[in-house]
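These protein sequences, in sequence, are chains A and B. Counting the first sequence from 1 gives a position; the working numbering is that position plus 43. Counting the second sequence from 1 gives a position; the working numbering is that position plus 4.
Keep in mind the hints are simulated off the structure, nothing from the lab. Careful, some of the hints might be misleading.
Said to hold, decoys possible - One-sided and incomplete, this derived list gives chain A residues near chain B with beta-carbon spacing under 8 angstroms:
1) Trp55
2) Ala128
3) Thr131
4) Glu403
5) Gln406
6) Ala408
7) His409
8) Ala410
9) Phe411
10) Val413
11) Met420
12) His422
As the list claims (entries may be wrong) - Here are a few chain A residues that sit away from chain B, every Cβ distance over 10 angstroms (derived from the structure):
13) Arg88
14) Ala185
15) Met402
Stated by the list, open to error - Listed below are the simulated DSBU-like cross-link pairs for lysine-lysine, each with C-alpha atoms no more than 30 angstroms apart in a straight line:
16) Lys398/A x Lys363/B
17) Lys321/A x Lys398/A
18) Lys279/A x Lys150/A
19) Lys163/A x Lys279/A
20) Lys363/B x Lys321/A
21) Lys201/A x Lys163/A
Just so it is clear, CB atoms sit at the ideal spot from N, CA and C, and this is done for glycine as well.
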Amino acid sequence: MMHLVLPFRFEWLWSDALVWLLVASVIGFAIYTNARPHLRAPWARVSRSASGLAAATVLALFVIVGLLDSVHYREALPSQDGKAAYATELRSVLDRLLQPLRASREKTYSAPLATHLYAKETVQLPDGGEVRVFPRLRHGGAHLVDPQQDWARDVAVKAFRGLAIALLVWFVAAIGVCAAESRRATAGIESVWRDVWAGRTAVPWRAVLAALGLLCVLIGPVTALAPHYHVLGTDKVGQDVLYQALKSIRTGLVIGTLATLVMLPFALVLGVMAGYFKGRIDDLIQYLYTTLSSIPGVLLIAAAVLMMQVYIENHPELFPSTEIRADVRLIALCVILGVTSWTGLCRLLRGEALKLREMEYIQAAHAFGVSHWRIMMRHIVPNVMHIVMIALVMDFSGLVLAEAVLSYVGVGVDPSMISFGTMINSARLEMAREPMVWWSLAAAFVFMLTLVLAANLFADAVRDAFDPRLIMAGRHS
Amino acid sequence: MTAPLLRVSGLTARIHGGVAPVLPVDGVSFDIAAGQTFALVGESGCGKSMTALSIMRLLPEAGEIAGGVVELDGENLLALSEARMREVRGRRVAMIFQEPGLSLNPVMTVGAQIAEAVRRHTGLAGAAVDARVLQLLEAVHMPDARRRMAEYPFQMSGGMKQRVMIAIALACDPALLIADEPTTALDVTVQAQVLELLRELQRSRGMAMLLITHDLGVVAQMAQQVAVMYAGEIIESAPVEAFFAGPAHPYSRKLFESLPDRVGRGHALAAIRGTVPALTRPFKGCRFAERCDRALAHCPDTIPDWGVVRDGHRAKCHLYADGAAGSAHSAACAAGPQDAVAPSLHTDHPALLEVADLKIHFPIHRGLLRRVAGQVRAVDGVSFGIAAGRTLGLVGESGCGKTTVGKGLLRLVQPTGGRVLFDGADLLTLDRSALRRRRRHAQIIFQDPYASLNPRVRIGDALEEGMLALGVGDSAARRQAQIAALLGEVGLSPEVRDRYPHEFSGGQRQRIAIARALSVEPQLIICDEPTSALDVSVQAQILNLLQRLQRDKGLAYLFISHNMSVIEYMADEVAVMYLGRIVERGTVDEVLRTPKHPYTRALLSAVPVADPSAARPVIQLAGDLPSPVHPPHGCHFHPRCGAALPQCRLEFPDEQAFSASHAARCHLYR
Chain A
44 MMHLVLPFRF
54 EWLWSDALVW
64 LLVASVIGFA
74 IYTNARPHLR
84 APWARVSRSA
94 SGLAAATVLA
104 LFVIVGLLDS
114 VHYREALPSQ
124 DGKAAYATEL
134 RSVLDRLLQP
144 LRASREKTYS
154 APLATHLYAK
164 ETVQLPDGGE
174 VRVFPRLRHG
184 GAHLVDPQQD
194 WARDVAVKAF
204 RGLAIALLVW
214 FVAAIGVCAA
224 ESRRATAGIE
234 SVWRDVWAGR
244 TAVPWRAVLA
254 ALGLLCVLIG
264 PVTALAPHYH
274 VLGTDKVGQD
284 VLYQALKSIR
294 TGLVIGTLAT
304 LVMLPFALVL
314 GVMAGYFKGR
324 IDDLIQYLYT
334 TLSSIPGVLL
344 IAAAVLMMQV
354 YIENHPELFP
364 STEIRADVRL
374 IALCVILGVT
384 SWTGLCRLLR
394 GEALKLREME
404 YIQAAHAFGV
414 SHWRIMMRHI
424 VPNVMHIVMI
434 ALVMDFSGLV
444 LAEAVLSYVG
454 VGVDPSMISF
464 GTMINSARLE
474 MAREPMVWWS
484 LAAAFVFMLT
494 LVLAANLFAD
504 AVRDAFDPRL
514 IMAGRHS
Chain B
5 MTAPLLRVSG
15 LTARIHGGVA
25 PVLPVDGVSF
35 DIAAGQTFAL
45 VGESGCGKSM
55 TALSIMRLLP
65 EAGEIAGGVV
75 ELDGENLLAL
85 SEARMREVRG
95 RRVAMIFQEP
105 GLSLNPVMTV
115 GAQIAEAVRR
125 HTGLAGAAVD
135 ARVLQLLEAV
145 HMPDARRRMA
155 EYPFQMSGGM
165 KQRVMIAIAL
175 ACDPALLIAD
185 EPTTALDVTV
195 QAQVLELLRE
205 LQRSRGMAML
215 LITHDLGVVA
225 QMAQQVAVMY
235 AGEIIESAPV
245 EAFFAGPAHP
255 YSRKLFESLP
265 DRVGRGHALA
275 AIRGTVPALT
285 RPFKGCRFAE
295 RCDRALAHCP
305 DTIPDWGVVR
315 DGHRAKCHLY
325 ADGAAGSAHS
335 AACAAGPQDA
345 VAPSLHTDHP
355 ALLEVADLKI
365 HFPIHRGLLR
375 RVAGQVRAVD
385 GVSFGIAAGR
395 TLGLVGESGC
405 GKTTVGKGLL
415 RLVQPTGGRV
425 LFDGADLLTL
435 DRSALRRRRR
445 HAQIIFQDPY
455 ASLNPRVRIG
465 DALEEGMLAL
475 GVGDSAARRQ
485 AQIAALLGEV
495 GLSPEVRDRY
505 PHEFSGGQRQ
515 RIAIARALSV
525 EPQLIICDEP
535 TSALDVSVQA
545 QILNLLQRLQ
555 RDKGLAYLFI
565 SHNMSVIEYM
575 ADEVAVMYLG
585 RIVERGTVDE
595 VLRTPKHPYT
605 RALLSAVPVA
615 DPSAARPVIQ
625 LAGDLPSPVH
635 PPHGCHFHPR
645 CGAALPQCRL
655 EFPDEQAFSA
665 SHAARCHLYR
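Make the full structure from the sequences, and use the hints.
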């Protein structure tokens, strides 16, 4: 009997499942919104904000990297007896794409684009003597015969080639945008091209293309250099820092989105209930969130994460591999971050519901004998959604930063999981070295800054589009 | 004739933003003589407030004055530097606004706020300022002025805050006072006090006044000269007597015909079709042409010039172009309303709703343990009945508990005691499910058309909500057919069901709210100030609609309003509420023609009538409505009553009947 041996087997981690569930619900929400003009209107306003769209372009790149890193599989091992056997190690699609970076391990630190290690080693000479030199890297610049002479030229040529390809890609994308726009506006592609660059289109494509251009200029040379050099250097154990930074994106995104999702039901249900029912229910919910927000968040999180760690260690049979263990810990962190951060939004929603419950359309619904549940779902929740939307995008960046801080303190994600926090934590010691190893920290800093800045700019655009007071002020002036 | 104090000519203001700039004021010209009161009348959005703000150069940021001249004593205000203009504001021209609560700083004592104005515009300092502040507060008849100086705005009622605003405006004897709807937010009795104060101050100080209002009754009482604004321009200008004797412009006439008290019961009110045109495009004809019943062939494409109706009475209308004046003019208001409504039959019906001793108290919680420290007696023993197909008008000033009665009947607020018999069942003792079955028989319409529809729910879904909740219409198709029929009944096309509330005007929203109430086929509708937020011409449409629905469907209305003329027009019986109790009730003729209770009399006399020749003494009520937390002992009204007897202080009077239907609670009639 023949067994069909697939070259890989998909494996869904819990966080993967949640991420893709989230993607599916975002798509569902988009379809739902698109069919309703009053829901579509604020998003149309977002799409008219130049900074918002530029930020969204950058964010989209991060999200794509994060999603590629959220499809995991096990590779098939060569087997003798025809039975399927798979590697114990989990890999993601991103790992596959970054295979050259992943596989090219050095011995220890090396500077960005270096050809030699950062630390001297004792090398045995063929004649039996020993010298201490900076040895050549195993992978970085290994193709160069004489690094001293060829390095600068090789790097420049490769970077330039990458840049040229990137610009070509960017140009094709720009033409594509104009073609799509010209089909929509039924105008000649040339006139659309001019409109786009003069900033006359309704959607500020100029900002999108400019952001895209900037990204291409950065990514092109890096992509061209990455197979041959360690563009951002290597860390203590010789792992490529660029690879670590890219892997950290998923951790940041998962924390930012899943923790918000955990927080949302608490805030929405409790906030709306407190405002709508008033009286004892309100008192109870208020006591709950006042108490919770008086406990230092770090304390709660540390306690919960340590408990989770102990549980995982005591039940190894439930968590067969290190990846699964790290993943469970990540989800536990999301949950605990969510549970401790719902109070702010809850308070806002309670206030809004208190105001809305006196609105006359809700009184009219009472006069029809409409049930409490239906009134809350139909009349209150849709009318607080703008606050929820604003809070979601604003909290996201806060949570990404919180992860970094918690991991640095040591109560964040599993140490084996690559994240901005763990990168910074390990870089802490490197900063104290002489000569200093700066690239690990710099890479984490730049990536996190870009992600959080893009998220904040996008959040600003969303807030401007959803906040009724700002819209009213705009209309009256 | 001497030069006018204020001369405005060709004033044009432009507001940027949106698709195209808006011209809310477009070529407005008028003169105000020293010591004269000039009234600018018009419905909301016609540009009257913008005119005032343009004169003061206080337009919003996106606005600019695009042209024209504003001369104060021969000096062009539009050419002054901003620093010089600040000298003019407050010192020579002062302004008071509609909402006194929003114009005062809540964290400063009123004395300090007046003192600020005094210091800014006069050279006074030290104790002289305090003396001047006290003098100003006394000039505006602030009771207990010395103590009030140290109080904060939240400690004062609306009427007192408006007095403070007037005192600030008077701080340095301005030559011109611009009053932008100064009494719109106040109750009639307080309005009467403030108007009387303004009249007196104007007489004693020889101050000119630009009065901006939508209320023709206020104009008749206050003004010497009137100008009517429509869509950004003045369309008629006349001395007040000539204007009220015979308004010339078709729009002004329509305004008069839509006043319920001018038309009288049983007649349909005039309604102006269509809406005010957008002020973004240039006009090539008369701005009112498309809504005008008397439009001539050339009205839509020829801009009318000023035509003289009579001496000093001018109208911007082709009907008054040279020579046409005589034929077009007629006693305008006598022009009969189009379709007379048959007066409802006066027969004795069994009561549909019987309310006995309804009490609604709200507990006041104090302290850490939230113990009940007192009761707000919003409604304190109210009894009345409504027969099927009849209308009971519930009148009273704000805070008297009339809205709470309406909500209490439907148990939107939980009554504390009493009985509400509807169709033989006591609504107050029913459990939730039994009450729900009864809910379809009584519905409610609210005051604010913008708050009464959920902005996120389509019109069709809003109408269907009640039907679904109460099981009206057994299939979706049948419900949809019913919704289409309902929308037709309230004068909207069935297509609107797929649209959202923001696409509709206030009047249309109120129609939708009426359709929603009708969707469950009620027998009784509680109308809670349904037209208070609307302009008179739109109010006329809604009142006509309510009258027609009552005739067609035999609905009973509990019509809650503070507006006497609307009550007079709508109601069969009237009940007057004061501080949670009904003080007088009877048929509409009995209560309004032969009022017995001193409060009813004062209320009626305070209503401004759109007729300057109607010289009636206004019975001034002292002070404000007392707090329902600590109502006065005895008769609630005695502290403000001119005819109070010693025993009024001791006990609340019993009901004294004057006829089978007419009764009042007053010791005067024992």
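Just want to verify: Met402/A was marked as not at the interface with chain B; is every Cβ pair farther apart than 10 angstroms?
Nearest chain B Cβ is 5 angstroms from Met402/A, so the label is violated.
Mind checking the CB of Thr131/A against every CB in chain B and telling me if the closest is under 8 angstroms?
Thr131/A check fails; min Cβ-Cβ to chain B is 52 angstroms, beyond 8 angstroms.
Below or equal to 30 angstroms on CA atoms is what counts here, so check Lys398/A against Lys363/B.
holds, 26 angstroms
Hint status (Cβ of Phe411/A to nearest Cβ of chain B, threshold 8 angstroms)
holds, 4 angstroms
Between Lys321/A and Lys398/A, is the straight-line Cα distance small enough, at 30 angstroms or below?
This hinted pair holds, its Cα atoms lying about 11 angstroms apart.
Hint status (Cβ of Ala408/A to nearest Cβ of chain B, threshold 8 angstroms):
Interface hint status for Ala408/A: holds (7 angstroms vs cutoff 8 angstroms).
Given the hint that Lys363/B pairs with Lys321/A, does the C-alpha gap stay at or below 30 angstroms?
holds, 22 angstroms
What's the verdict on Lys163/A and Lys279/A, does the C-alpha distance respect the 30 angstroms limit or exceed it?
With a Cα-Cα distance of about 14 angstroms, the restraint between Lys163/A and Lys279/A holds, given a limit of 30 angstroms.
Can Ala410/A be said to touch chain B, with a Cβ gap under 8 angstroms?
holds, 5 angstroms
Is Lys279/A close enough to Lys150/A, meaning Cα to Cα at most 30 angstroms?
holds, 8 angstroms
Regarding the pair Lys201/A and Lys163/A, is the alpha-carbon distance no greater than 30 angstroms?
Holds - the C-alpha atoms of Lys163/A and Lys201/A are around 28 angstroms apart, at most 30 angstroms.
Hint check: is the beta carbon of His409/A less than 8 angstroms from a beta carbon of chain B?
At about 5 angstroms, which falls below the 8 angstroms cut-off, the nearest Cβ of chain B leaves the hint on His409/A intact, so it holds.
The structure shown violates the earlier hints numbered 1, 2, 3, 11 and 15.
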